[in-house]
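With chain Z fixed as given, assemble chain Y onto it according to the hints.
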Amino acid sequence: DTGVSQDPRHKITKRGQNVTFRCDPISEHNRLYWYRQTLGQGPEFLTYFQNEAQLEKSRLLSDRFSAERPKGSFSTLEIQRTEQGDSAMYLCASSFSGGGYTFGSGTRLTVV
Amino acid sequence: TQLLEQSPQFLSIQEGENLTVYCNSSSVFSSLQWYRQEPGEGPVLLVTVVTGGEVKKLKRLTFQFGDARKDSSLHITAAQPGDTGLYLCAGHGSSNTGKLIFGQGTTLQVKP
Chain Z
1 DTGVSQDPRH
11 KITKRGQNVT
21 FRCDPISEHN
31 RLYWYRQTLG
41 QGPEFLTYFQ
51 NEAQLEKSRL
61 LSDRFSAERP
71 KGSFSTLEIQ
81 RTEQGDSAMY
91 LCASSFSGGG
101 YTFGSGTRLT
111 VV
Chain Y
1001 TQLLEQSPQF
1011 LSIQEGENLT
1021 VYCNSSSVFS
1031 SLQWYRQEPG
1041 EGPVLLVTVV
1051 TGGEVKKLKR
1061 LTFQFGDARK
1071 DSSLHITAAQ
1081 PGDTGLYLCA
1091 GHGSSNTGKL
1101 IFGQGTTLQV
1111 KP
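Those sequence lines, one after another, are chains Z and Y. If you read the first sequence in this note's numbering, its first letter stands for residue 1, the second for the next number, and so on. If you read the second sequence in this note's numbering, its first letter stands for residue 1001, the second for the next number, and so on.
Among the hints, erroneous ones may be present.
In the DMTMM-like style, the derived pairs of lysine to aspartate or glutamate whose C-alpha atoms are separated by at most 20 Å in a straight line are [stated by the list, open to error]:
(1) Y/K1099 / Z/E44
(2) Y/K1057 / Z/D24
(3) Z/K71 / Z/E44
(4) Z/K57 / Z/E44
(5) Y/K1099 / Z/D24
(6) Y/K1099 / Z/E83
(7) Y/K1059 / Y/D1083
(8) Y/K1099 / Z/E68
(9) Z/K11 / Z/D24
(10) Y/K1057 / Z/E78
(11) Z/K14 / Z/E83
(12) Y/K1070 / Y/E1038
(13) Z/K11 / Y/E1041
(14) Y/K1059 / Y/E1038
(15) Y/K1059 / Y/E1015
Here chain Z is said to cover these stretches of chain Y; the calculated rule only asks that three of the stretch's residues, wherever they fall, bring their Cβ under 8 Å from a Cβ of chain Z [what the hints assert, rightly or not]:
(16) 1036–1043
(17) 1098–1111
Since the hints were derived computationally from the structure, they do not count as laboratory data. Virtual Cβ for every residue (Gly too), placed ideally from N, Cα, C.
Isolated chain Z, as found in the complex:
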């Protein structure tokens, strides 16, 4: 068990570009979550999947954000036409049903 892996760890992009992040959860976990966190604050919920089904999306997730989890394994989070306000740490976590989360190390996005 290698834990939850996120790639890349850091991403610097120009405003208006598209970015995609990947998350590989713990293989036995059926739930996968995406959160966004700014410095010194708690994580904010974005969306979650149970297996391959996206069960809930936050109102924070504008039309520029899309997430997928094909085949219920890894997940991707894409941000189109990035804005400076998108700069944050994007955290992925997985769990087995309602259990405790295991978080990845996050992807730090900087939009310049």
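For chain Y alone, kept in the frame of chain Z given last:
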């Protein structure tokens, strides 16, 4: 909307001192979790409390869930520099939607 309020937001103490962090809500939570996060890393689960009035101990850390399941506290005895980090409480809503709602966090600095 269920919210979790943590206090204090910042705490700077000397090694050896005791401290308590509070996590409060006006809503009932089916369970509460505490996480610790170091800079540049994802949060790590410390404990889950489920039953009202429950007390759990993890070495020098004592966690308590309020009788009404609306609040929780984390007490650290004889704090050490290695305890430095961001402490987050998080709760599953009463509808058990699967997502966790996080407090804004308490940043703890323990000076040697």
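Hints versus structure:
Restraint check: the Cα-Cα separation between Y/K1099 and Z/E44 comes to about 10 Å, which is no more than 20 Å; the hinted pair holds. With a C-alpha separation of about 32 Å, the suggested pairing of Y/K1057 with Z/D24 is violated against the 20 Å cut-off. Distance check on the hinted pair: Z/K71 and Z/E44 sit about 25 Å apart at the alpha-carbon level, beyond 20 Å; violated. The straight-line distance between the Cα atoms of Z/K57 and Z/E44 is roughly 11 Å, inside the 20 Å bound, and the hint therefore holds.
Between Y/K1099 and Z/D24, the direct Cα distance comes to roughly 18 Å. Compliance with the 20 Å bound is thereby established for this hinted pair. Proposed proximity of Y/K1099 and Z/E83 is contradicted: the alpha carbons are some 26 Å apart, above 20 Å. For the hint pairing Y/K1059 with Y/D1083, the CA-to-CA distance comes to about 12 Å; that is within 20 Å, so the pair holds. Distance check on the hinted pair: Y/K1099 and Z/E68 sit about 17 Å apart at the alpha-carbon level, within 20 Å; holds.
A distance of roughly 17 Å separates the Cα atoms of Z/K11 and Z/D24; the hinted pair therefore holds under the 20 Å criterion. With a C-alpha separation of about 40 Å, the suggested pair Y/K1057 and Z/E78 falls outside the 20 Å cut-off, and the hint is violated. Restraint check for Z/K14 and Z/E83: satisfied, since their Cα atoms lie roughly 8 Å apart, inside the 20 Å limit. The hinted pair formed by Y/K1070 and Y/E1038 fails the criterion: a straight-line CA distance of about 26 Å is larger than 20 Å.
Pair hint Z/K11 plus Y/E1041 holds up; C-alpha atoms about 15 Å apart against a cutoff of 20 Å. A hinted pair counts as satisfied when its Cα atoms are at most 20 Å apart, and Y/K1059 with Y/E1038 qualifies at roughly 19 Å. With a CA separation close to 16 Å, the supplied pair Y/K1059 and Y/E1015 stays within the 20 Å bound. Chain Z is given as covering the stretch 1036–1043 of chain Y, and this holds because 4 residues of the stretch bring a CB closer than 8 Å to a CB of that chain, at least three being needed.
Counting residues of the stretch 1098–1111 of chain Y whose CB lies closer than 8 Å to any CB of chain Z gives 9, so the stated coverage by that chain holds, three being the minimum.
When held up to the earlier numbered hints, the structure conflicts with 2, 3, 6, 10 and 12 and fits the remainder.
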